[in-house]
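Student: Here's the letter readout for the chains.
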Amino acid sequence: TRNVNKPLTTIAWDIPDGEMDPKVWGKYFPHQYSSYQKNMEVIAEDKTNYGSSERKSHIAAYPWKQNIWAGYGFSKDYNEERGHVWSVIDLTSTQRVNAKTPGSCLTCKTPNVPVLYEQLGDDYYATPLAEHLKDPNSMIPISCANCHDNETMELKIVQPPLRDALKKLGQDPDKLTHQEKRTLVCAQCHVEYYFDKENKSRVTFPWTEGFEPANIEEYYADLEFVDWEHAKTGQGMLKTQHPEYETFVDSAHYQAGVSCADCHMPYTKAGNEKYSSHWWTSPLKTAEQSCGTCHKDGSDARRDRVQYIQDKVADQLHKAGKISEELILSIEAAQKIEGIEQLKVDEAKVLSRRAVWYWDFVAAENSMGFHNPEKALHSLADSIDYARQGLALVKEAAAWAGGSFTIQPAKTEDANPTREITEKPNI
Amino acid sequence: TRNVNKPLTTIAWDIPDGEMDPKVWGKYFPHQYSSYQKNMEVIAEDKTNYGSSERKSHIAAYPWKQNIWAGYGFSKDYNEERGHVWSVIDLTSTQRVNAKTPGSCLTCKTPNVPVLYEQLGDDYYATPLAEHLKDPNSMIPISCANCHDNETMELKIVQPPLRDALKKLGQDPDKLTHQEKRTLVCAQCHVEYYFDKENKSRVTFPWTEGFEPANIEEYYADLEFVDWEHAKTGQGMLKTQHPEYETFVDSAHYQAGVSCADCHMPYTKAGNEKYSSHWWTSPLKTAEQSCGTCHKDGSDARRDRVQYIQDKVADQLHKAGKISEELILSIEAAQKIEGIEQLKVDEAKVLSRRAVWYWDFVAAENSMGFHNPEKALHSLADSIDYARQGLALVKEAAAWAGGSFTIQPAKTEDANPTREITEKPNI
Amino acid sequence: MLKQLIRAPSSLIMKHKGLVVLIGIGLAVIMIIVGSLGVNAYTKEAEFCASCHVMDTVYREWQHSAHREFTNCNDCHTDQKNYVAKTWSKATSGTGHLYHNTFGDPNVMLELKNTETVQENCLRCHANLVESNFLMDDDCFRCHRTTPHGM
Ligand SMILES: [Ca+2]
Ligand SMILES: [Ca+2]
Chain A
7 TRNVNKPLTT
17 IAWDIPDGEM
27 DPKVWGKYFP
37 HQYSSYQKNM
47 EVIAEDKTNY
57 GSSERKSHIA
67 AYPWKQNIWA
77 GYGFSKDYNE
87 ERGHVWSVID
97 LTSTQRVNAK
107 TPGSCLTCKT
117 PNVPVLYEQL
127 GDDYYATPLA
137 EHLKDPNSMI
147 PISCANCHDN
157 ETMELKIVQP
167 PLRDALKKLG
177 QDPDKLTHQE
187 KRTLVCAQCH
197 VEYYFDKENK
207 SRVTFPWTEG
217 FEPANIEEYY
227 ADLEFVDWEH
237 AKTGQGMLKT
247 QHPEYETFVD
257 SAHYQAGVSC
267 ADCHMPYTKA
277 GNEKYSSHWW
287 TSPLKTAEQS
297 CGTCHKDGSD
307 ARRDRVQYIQ
317 DKVADQLHKA
327 GKISEELILS
337 IEAAQKIEGI
347 EQLKVDEAKV
357 LSRRAVWYWD
367 FVAAENSMGF
377 HNPEKALHSL
387 ADSIDYARQG
397 LALVKEAAAW
407 AGGSFTIQPA
417 KTEDANPTRE
427 ITEKPNI
Chain B
7 TRNVNKPLTT
17 IAWDIPDGEM
27 DPKVWGKYFP
37 HQYSSYQKNM
47 EVIAEDKTNY
57 GSSERKSHIA
67 AYPWKQNIWA
77 GYGFSKDYNE
87 ERGHVWSVID
97 LTSTQRVNAK
107 TPGSCLTCKT
117 PNVPVLYEQL
127 GDDYYATPLA
137 EHLKDPNSMI
147 PISCANCHDN
157 ETMELKIVQP
167 PLRDALKKLG
177 QDPDKLTHQE
187 KRTLVCAQCH
197 VEYYFDKENK
207 SRVTFPWTEG
217 FEPANIEEYY
227 ADLEFVDWEH
237 AKTGQGMLKT
247 QHPEYETFVD
257 SAHYQAGVSC
267 ADCHMPYTKA
277 GNEKYSSHWW
287 TSPLKTAEQS
297 CGTCHKDGSD
307 ARRDRVQYIQ
317 DKVADQLHKA
327 GKISEELILS
337 IEAAQKIEGI
347 EQLKVDEAKV
357 LSRRAVWYWD
367 FVAAENSMGF
377 HNPEKALHSL
387 ADSIDYARQG
397 LALVKEAAAW
407 AGGSFTIQPA
417 KTEDANPTRE
427 ITEKPNI
Chain C
-4 MLKQLIRAPS
6 SLIMKHKGLV
16 VLIGIGLAVI
26 MIIVGSLGVN
36 AYTKEAEFCA
46 SCHVMDTVYR
56 EWQHSAHREF
66 TNCNDCHTDQ
76 KNYVAKTWSK
86 ATSGTGHLYH
96 NTFGDPNVML
106 ELKNTETVQE
116 NCLRCHANLV
126 ESNFLMDDDC
136 FRCHRTTPHG
146 M
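Chains as they are written, first to last, in the numbering used here: chain A, 7 to 433; chain B, 7 to 433; chain C, -4 to 146.
So here's chain A without its partners, still in its complex pose (with noise of 0.2 Å):
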């Protein structure tokens, strides 16, 4: 890939320094405004087999998760994600949030987080959310900023947790080519992370070990790292977040140089212009554009093969998933039951936290495996190995203990109701 850092020469522009509001920015710029104002819609029909803009419970769809994360809060609310002007209406309104969460949980929500960085240092991720967000400026949610140099309109890296993990990955921030950009400013957010509990709740990106799922679950263990400890079975778990750049980084696609930008961010005209549209959505809806620059072989064998992809990743996850609901709903009878092995209700409960984490690698990711098949699949054949590994453990013991259980799935019913919204957001 070459470096085509090629500034904007034709447009004046004059955007004063810490601006953060969309509007000023668009008055220049009315082709990017005006798309980045698509991210506001929200059309039910308009979704495809399995991306969507609906602000809609994953927890209702597939009721085995509030019993993956029994104890956690995305047991309780988990939505489908939708267009980025949502971001911080989406934040405070969930009940993930409470008085004691941590200001970390802004980082990748708003355009404000590199000047309250600036302000407070690493003290910005422990203070409480809620003392942030008095900021009117928090509320605005993302936006040019999050991307933009204003003086230049080049891209750049302006939130902080992605600087650190490029500078501890040897790469500066500041010099990065222009196509390394289109992807790495997307990796502002769309990554795994964690609190680094011992540096202030510091938002931290566990890359240091590789990026298959196998390199970041060791990374983990020789931090000895848990997200939350079990409800239902006392293990320490961990919870993937959104490891769309970890699962992309060694695709076909970013082995030829295809960029986050070149799918969801499509050259498109108007008129006798073109700019790159910034609605943030499922590239199918945008096929031409978005695959036609390098696939000419029409939108529908574009889309047959994403569905080919897409329906065999589906299969295998959506199975994982509940065989690894059937291992922690085991455990959690089979401990029970007296005089029970528990070195090996032990090895299993460990199964547990393995199983989880391979399946949610690809369950939290959110291209249903397109995004990289090979690894969503090789996980995924992980996560069932593991699962059912513990399933054996627990059954074994259990007979030799001379004891039996039932379990009880998770149904639809079950799920704890999202929280009804009507802010709009104000871009």
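For the record, the hints were derived by calculation from the structure and aren't laboratory data. Backbone N, C-alpha and C define an ideal beta-carbon position, used for all residues, glycine too. There may be inaccurate statements among the hints.
As the list claims (entries may be wrong) - Think about it this way: if two alpha-carbon atoms lie no more than 25 Å apart in a straight line, the pair counts; the simulated DSS-like pairs of lysine-lysine are:
1. B:Lys82 with B:Lys417
2. A:Lys350 with B:Lys328
3. A:Lys44 with A:Lys430
4. C:Lys76 with B:Lys181
5. B:Lys417 with B:Lys245
6. A:Lys342 with A:Lys62
7. A:Lys29 with C:Lys108
8. A:Lys325 with B:Lys302
9. B:Lys417 with B:Lys325
10. A:Lys29 with A:Lys275
11. B:Lys302 with A:Lys187
12. A:Lys328 with B:Lys325
13. B:Lys53 with B:Lys325
14. A:Lys245 with A:Lys325
15. A:Lys328 with A:Lys342
16. A:Lys302 with C:Lys39
17. B:Lys280 with C:Lys108
18. A:Lys350 with B:Lys33
19. B:Lys302 with A:Lys302
20. B:Lys328 with A:Lys325
21. B:Lys245 with B:Lys275
22. A:Lys275 with A:Lys82
23. A:Lys275 with C:Lys76
24. C:Lys81 with A:Lys302
25. A:Lys328 with B:Lys350
26. A:Lys350 with B:Lys350
27. B:Lys33 with B:Lys350
28. A:Lys280 with C:Lys76
29. B:Lys62 with B:Lys44
To be verified - Calculated Cβ distances over 12 Å to all of chain C for the following chain B residues:
30. Tyr68
31. Gly77
32. Gly127
33. Val264
34. Ala339
Since the structure of chain A is provided, determine the placement of chains B and C with the ligands on it from the hints.
Tutor: Relative to chain A, chains B and C with the ligands alone:
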């Protein structure tokens, strides 16, 4: 893909009807012939990570195969396949063949088969192999007449089983487009097959339910078909054989109109002329010509990508194989435990059939998943799922019966040695 | 009217001169449209071009190229700006080929004459790949000597 049925018109040749000797055909087509002769080559250093033309034992390399196939010829003798010209020599020297072996086994090894079939009709199949081998023409290995019409030199489907299979699917084997034939001449042999015992051991392709491993499994289940009875478990098992075509048929490449010949018979320059290479081998050895026609990112990038895919598949493949072995040995051992619940053991046995089927669909396929990574990895996740389910059942049942057992996986040293060959093909 | 036409052609034609010219032009237009529709359809596939022996090599190379799924000869070798241009370029070069094939030595080394047409066609499909660099102004096949054919 379009119909490009275009005869060669600038060369004159005169090949008698029924001529099978490649030396005679080769007189008129020296480039094709001399590349065909390269199929004799066995260069050990020339092998790729997962492909090879050395006649090496698969049993010694992956010792668990001895237990997976216990009671079946494959557990005693199964080697890496090599060039087409070795076909008859390898057939006559494998220890899978004996005095009772039916003629069916000759079907994909010599151009004499269509001739024998014309003479004997369906009796061709049940006639003993030893009988057919008395005809010196049966000693001619795979050659020009297996794929070409002697008058027009056009590609032609000559093998009876593929002609039957196409007709069953409503296709006329004599009205295929040229591009279709560039794949289907290979599908004459590189396919899963079975001997239809109710129809005189007729070689039949199990395609009417579809090409997914699950479809073919269903086909055999409906037929109550068994390849052999397992020596350790007593279960009626299935053996997959070289399902290259079934794997390829809904891959990204197939959908894009790519044929077997595009990769395995690259268009090659000889001085001022171009010809299709007739050295059928790993395309990674000829990546420049094989892949470069369509992929411009260089053969190193191609090899890297193939390796990424194959490493992921190999990892799950060998894991799945070992788990299947563990299941089979566990069933064998547990069966001996007094008072064990037979229903559970029987369930586990059925699961061993399924686990082995989904594993073998990838193990017997010869591209280590490259021909269709999604299908391969999906199949392996299923295999692991079934094998681990079976193990859980057996271990639980054994524990209820109060009996424990240990198992002893096979070792490389246990493998039956391959018969030495000194003969060379006369081509 | 028909009888009259046959019996006294010249006088009638002279009498309705304007009308006849109009009918004539009408018929000619219809014939050109129908004819070029037919000819365009008949000559659309690569197999038509390959019906000449001299086209064998280029045909086989095209058939082994990445372009075979999406393009045939005409996609590159005839003017695709609009229907009229396409038909005109087919008619003129086709007559040339027929002449050379019939009266000339069909084994002469072929060489490309209509480079501009080909260049425009490359851009028709690939413009978005090169529009941000200098290659736009260069003949693509200066570098891509073997795309999709050529030794
Ligand atoms: Ca969404
Ligand atoms: Ca081989």
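Student: Take the hints in turn and mark each one as holding or not.
Tutor: Here is how each hint holds up against the structure:
With a C-alpha separation of about 13 Å, the suggested pair Lys82 (chain B) and Lys417 (chain B) falls inside the 25 Å cut-off, and the hint holds. About 22 Å separates the Cα atoms of Lys350 (chain A) and Lys328 (chain B), which keeps this hinted pair within 25 Å; it holds. A hinted pair counts as satisfied when its Cα atoms are at most 25 Å apart, and Lys44 (chain A) with Lys430 (chain A) qualifies at roughly 13 Å. Between Lys76 (chain C) and Lys181 (chain B) the CA atoms are separated by roughly 36 Å; this puts the pair beyond 25 Å, and the hint is violated.
Taking the CA atoms of Lys417 (chain B) and Lys245 (chain B), the gap is near 22 Å; set against the 25 Å cutoff, the hint holds. Between Lys342 (chain A) and Lys62 (chain A) the alpha-carbon distance is near 36 Å, which puts this suggested pair outside the 25 Å criterion. A hinted pair counts as satisfied when its Cα atoms are at most 25 Å apart, and Lys29 (chain A) with Lys108 (chain C) does not qualify at roughly 55 Å. For the proposed pair Lys325 (chain A) and Lys302 (chain B), the alpha carbon gap of about 39 Å is over 25 Å, so the pair is violated.
Taking the CA atoms of Lys417 (chain B) and Lys325 (chain B), the gap is near 16 Å; set against the 25 Å cutoff, the hint holds. Distance check on the hinted pair: Lys29 (chain A) and Lys275 (chain A) sit about 22 Å apart at the alpha-carbon level, within 25 Å; holds. Between Lys302 (chain B) and Lys187 (chain A) the CA atoms are separated by roughly 24 Å; this keeps the pair inside 25 Å, and the hint holds. With a C-alpha separation of about 22 Å, the suggested pairing of Lys328 (chain A) with Lys325 (chain B) holds against the 25 Å cut-off.
Restraint check for Lys53 (chain B) and Lys325 (chain B): the C-alpha separation of about 23 Å stays at or below 25 Å, so the hint holds. Annotation: proposed proximity of Lys245 (chain A) to Lys325 (chain A) holds, straight-line Cα distance about 19 Å (limit 25 Å). Taking the CA atoms of Lys328 (chain A) and Lys342 (chain A), the gap is near 22 Å; set against the 25 Å cutoff, the hint holds. Of the pairs offered as hints, the one joining Lys302 (chain A) and Lys39 (chain C) holds, with about 20 Å between alpha carbons and a cut-off of 25 Å not exceeded.
Taking the CA atoms of Lys280 (chain B) and Lys108 (chain C), the gap is about 24 Å. The hint holds against a cut of 25 Å. Proximity of Lys350 (chain A) to Lys33 (chain B) is assessed by CA-CA distance (about 71 Å); at most 25 Å being required, the pair is judged violated. Only pairs whose Cα atoms come within 25 Å are accepted, and Lys302 (chain B) paired with Lys302 (chain A) is accepted, the gap being roughly 16 Å. Restraint check: the Cα-Cα separation between Lys328 (chain B) and Lys325 (chain A) comes to about 22 Å, which is no more than 25 Å; the hinted pair holds.
The straight-line distance between the Cα atoms of Lys245 (chain B) and Lys275 (chain B) is roughly 41 Å, outside the 25 Å bound, and the hint therefore fails. Distance check on the hinted pair: Lys275 (chain A) and Lys82 (chain A) sit about 43 Å apart at the alpha-carbon level, beyond 25 Å; violated. Among the hinted pairs, Lys275 (chain A) with Lys76 (chain C) is consistent with the structure: their alpha-carbon atoms are about 21 Å apart, no more than 25 Å. Our distance criterion of 25 Å between C-alpha atoms is met by Lys81 (chain C) and Lys302 (chain A), whose separation comes to about 22 Å.
Note on Lys328 (chain A) and Lys350 (chain B): the hinted pairing holds, with a Cα-Cα distance of about 22 Å set against a maximum of 25 Å. Taken as a hint, the Lys350 (chain A) and Lys350 (chain B) pair is honoured in the structure, with Cα atoms around 22 Å apart against an allowance of 25 Å. Taking the CA atoms of Lys33 (chain B) and Lys350 (chain B), the gap is about 65 Å. The hint is violated against a cut of 25 Å. Among the hinted pairs, Lys280 (chain A) with Lys76 (chain C) is consistent with the structure: their alpha-carbon atoms are about 22 Å apart, no more than 25 Å.
Under the criterion of a C-alpha separation no larger than 25 Å, the hint pairing Lys62 (chain B) with Lys44 (chain B) is consistent with the structure, at around 19 Å. Non-interface call for Tyr68 (chain B) relative to chain C: holds, since the shortest CB-CB distance, roughly 37 Å, exceeds 12 Å. At roughly 47 Å, the least C-beta separation between Gly77 (chain B) and chain C is larger than 12 Å, which holds for a residue marked as non-interface. No beta-carbon of chain C comes within 12 Å of the beta-carbon of Gly127 (chain B); the shortest separation is about 37 Å.
Distance to chain C contradicts Val264 (chain B) as a non-interface residue, since its nearest Cβ pair spans about 9 Å, not more than 12 Å. With a minimum CB-CB distance of about 55 Å to chain C, Ala339 (chain B) clears the 12 Å threshold, and the non-interface call stands.
Consistency with the previously given hints fails for numbers 4, 6, 7, 8, 18, 21, 22, 27 and 33, ordered from lowest to highest.
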